[in-house]
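Now for the letters of each chain:
Protein chains: 2
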Amino acid sequence: MNKITQLFNIKYPIIQGGMIWCSGWELASAVSNAGGLGLIGSGSMYPEVLRQHIQKCKSATNKPFGVNVPLLYPQTDDHIQVILDERVKIVFTSAGNPKKYTSFLKEKGIIVVHVIANVKFAIKCEEAGVDAIVAEGFEAGGHNGFEETTTMALIPQIKNAVSVPVIAAGGIGSGRSMLAAVALGADGVQIGSRFAASIESSAHENFKSAIVNAGDGDTKLMMKKVVPVRLIKNEFYQRVQNAEDYGATAEELKEILGRARAKKGMFEGDLKEGELEIGQVSGYINEILSVEKIINEMVLEYNSTINSLEKI
Amino acid sequence: MNKITQLFNIKYPIIQGGMIWCSGWELASAVSNAGGLGLIGSGSMYPEVLRQHIQKCKSATNKPFGVNVPLLYPQTDDHIQVILDERVKIVFTSAGNPKKYTSFLKEKGIIVVHVIANVKFAIKCEEAGVDAIVAEGFEAGGHNGFEETTTMALIPQIKNAVSVPVIAAGGIGSGRSMLAAVALGADGVQIGSRFAASIESSAHENFKSAIVNAGDGDTKLMMKKVVPVRLIKNEFYQRVQNAEDYGATAEELKEILGRARAKKGMFEGDLKEGELEIGQVSGYINEILSVEKIINEMVLEYNSTINSLEKI
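Those protein sequences? They're chains A and B, same order as listed.
Once you know that position 98 of the first sequence is 98 in our numbering, the rest is easy, because the numbers rise by one and skip nothing.
Once you know that position 152 of the second sequence is 1152 in our numbering, the rest is easy, because the numbers rise by one and skip nothing.
There may be inaccurate statements among the hints.
[Unchecked claim] Just the calculated beta-carbon pair ranges, DEER-fashion: (1) A:S308 x B:S1209: 22 to 32 angstroms; (2) B:S1163 x A:K224: 36 to 46 angstroms; (3) B:E1292 x A:K311: 16 to 26 angstroms; (4) B:I1256 x A:R87: 51 to 61 angstroms; (5) B:N1296 x A:P74: 30 to 40 angstroms.
These aren't lab readings, by the way, just hints derived from the structure by calculation.
Since the structure is predicted, the reported quantities are computational estimates derived from the model, not experimental observations.
Positions of the beta carbon are idealized from the N, C-alpha and C atoms, including for glycine.
Construct the entire structure; sequences and hints are all you get.
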């Protein structure tokens, strides 16, 4: 029993990151049923779609689950209304100012966690009254911070700066890396990529195969003049890379990105022209397993690695 | 006693990274005397200067120490000759092909370690017959790999790929982060930044202060079109950043870099126009301590963190 398992009333301090196009009710309920905390990723959902996912998730598990709300879409207020209507008890906000919704949600009795990638925003989170922070390193998939601080360097700095519980994210896809995060001072971990490649993930099978096939150096953080995003190196990536090499502006990059490219890649399975958001741990994800198997293996490896540690 | 302490015949599996302008005989001998493995960084030394440092190091410690040889300078053959003349028993090579000197040095009875930043070169190292590998993540200071793989994501992949002992580098500046590296599978750690800011470091006091003053997000990996290098954001950095934003070529970047800029920054203390190579852990280095104190604190924290870990 630690701060994180206590906060969410879960068995293991393992949170499944809310990811666009990957984490619907099926993934979230599977993670919660296996003893972690599942999150429905609302970023790719219309409000009414989110409502359906929440309702299905409630039917699929009697364990706690939550919803991740990126604060960068125009529909955020509608998402929040659905969350209140459906009496969701846990909300992870990300990609925005933690002061925007935290006190409002807390007043409704909701547990609020905010995702950050630097010390400055960790302090803002604490001031805003969050119950916990997700501190996400450079190696994480999808959208990321401008500081490029890695999980290894970030977690100790966050622990020095705030006293709320810290959930480490980025670079965690195994029991060993989970233990590494805890050794650094984290109270729990948030895992994205490993669950994106699970059986219960709603990602397209092509995308899951691309994660399994990715090796060391096959992802890169791009689009830094717009919003940094880590993605698999494919044809679309190469066009962005070429443009960036020649000094493309934010406007030119947005034009190359166009619309719905993440959906095209991760949900429709277009591996050439889609945006394939995934973390560096894809380099050692080699099979598509069930959520239960992933979590059980992770816990087993976590515990056996503790046994193997020797004092010096 | 583990693979690394056994290989080098040292007390703690802590290696001090060979760094230009920071790690002369004084730092290397202090680390060796404190139970780690000190390395003289030959990269910034003329061959005869290296000889003097080796001789002084021998006088200052009866413990094992080594020399780091970056394989990118025209004088490498002369450095190697000095190392043979002076009967140095441990050589770390970096920034080049491990096949170039490994078997030659091994035939002379020298323990050879090569520094890499990706899986491909780790395999090359093993084929070349090295005794161990340093696997260095994106967060490390100074020159770095093109793959941008962080220590958290790199170490597990290296462990899967090779069977020689692995020394983790990048993002390690405390007992907790050392334990994190071991949890990931590393047999030992190489530490640069923390020792660059020690009393025994030969860096300019201004540079040591700059390390202490650096916070989260104050370093960045630059010059990717030439050789990637992580440095503190100062006036020189800003010129590079502006040039890169506008798509500067490798030639233009080399012109901005000019000559002797690392010396200007790290050895002469010009914080505005010098190149200040340091890792992301500078964000939590807050004082300049003696090597002995750094190592003792690190070991203490390592052991006490093991005590604090609980199975889940």
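Hint check results:
no. : hint                                 : verdict
1   : A:S308 x B:S1209: 22 to 32 angstroms : violated, 40 angstroms
2   : B:S1163 x A:K224: 36 to 46 angstroms : holds, 38 angstroms
3   : B:E1292 x A:K311: 16 to 26 angstroms : holds, 19 angstroms
4   : B:I1256 x A:R87: 51 to 61 angstroms  : holds, 58 angstroms
5   : B:N1296 x A:P74: 30 to 40 angstroms  : violated, 55 angstroms
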